[in-house]
Amino acid sequence: MHFVIAMALITVVFDLIGVVTRKKNLFEVSFWNLIVATVAIFVAIIFGQIEAGLANPYGASRDILNYHSTIGWSLAGVLALLTGWRYVARQKDPNVLPKGFLAIDFILAGLVFAQVYLGDKLVWVYGLHTVPVVEAIREGVLS
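Under UniProt numbering, the letters of the sequence shown match residues 1 to 143, in that order.
What the hints contain is simulated information worked out from the structure, not anything from laboratory work. Be a bit skeptical, because a hint or two may be false.
Using C-beta positions, here's what the derived DEER-type ranges look like [as the list claims (entries may be wrong)]:
| id | residue 1 | residue 2 | range |
| --- | --- | --- | --- |
| 1 | 141 | 67 | 22 to 32 Å |
| 2 | 25 | 140 | 51 to 61 Å |
| 3 | 107 | 35 | 14 to 24 Å |
| 4 | 136 | 13 | 34 to 44 Å |
| 5 | 20 | 93 | 30 to 40 Å |
| 6 | 85 | 132 | 25 to 35 Å |
| 7 | 93 | 136 | 34 to 44 Å |
| 8 | 135 | 21 | 44 to 54 Å |
If you're wondering where the values come from, they're calculated on a predicted model, not measured in any experiment. Built from N, CA and C at the ideal position, the CB exists for glycine as well.
Sequences are here, hints too, so could you generate the full structure?
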């Protein structure tokens, strides 16, 4: 998932810099990053769902894991829609970013940051997939 995070955020950064500096070649870089992020997120979701199935969430971590999964699928949808929109817009003029696209870019960035926050919370606060937590679950200490 870290690769998807980087690709999605760098897409937003390149779009923003491209608009501010009027360097149209950054839109090309952004577009290809968007395509890679869209493909990669589906791979990340598959592995994420496998990990979620192995995680044995407990207490409040169950809800956080559900939110994390929901946002992951939402990100896949947003990335797919953005990629499709960008592809169609590029057919008209690859040097112009469609109106409103940057606003949706910022929504994408917000979803990515929410996803990172929840993922970090699952690992660093609840310890999912860490050895001590897995051992505690097996011993029945956590339920």
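Hints and how they fare:
1. Distance hint for residue 141 and residue 67: a CB-CB separation of about 25 Å, consistent with the stated range 22 to 32 Å.
2. In this structure, residue 25 and residue 140 meet the distance hint of 51 to 61 Å, their C-beta atoms being roughly 59 Å apart.
3. The given range of 14 to 24 Å is respected by residue 107 and residue 35, whose C-beta atoms sit roughly 19 Å from each other.
4. Separated by about 40 Å at the C-beta atoms, residue 136 and residue 13 satisfy the suggested range of 34 to 44 Å.
5. Taking the beta carbon of each, residue 20 and residue 93 are about 19 Å apart, not inside 30 to 40 Å as hinted.
6. The hint said 25 to 35 Å for the Cβ distance between residue 85 and residue 132, and at roughly 45 Å that hint is violated.
7. At about 58 Å, the beta-carbon gap between residue 93 and residue 136 misses the expected band of 34 to 44 Å.
8. In this structure the supplied range 44 to 54 Å holds for residue 135 paired with residue 21, their Cβ-Cβ distance being about 53 Å.
This entry does not satisfy hints 5, 6, 7, going by the numbered hints stated previously.
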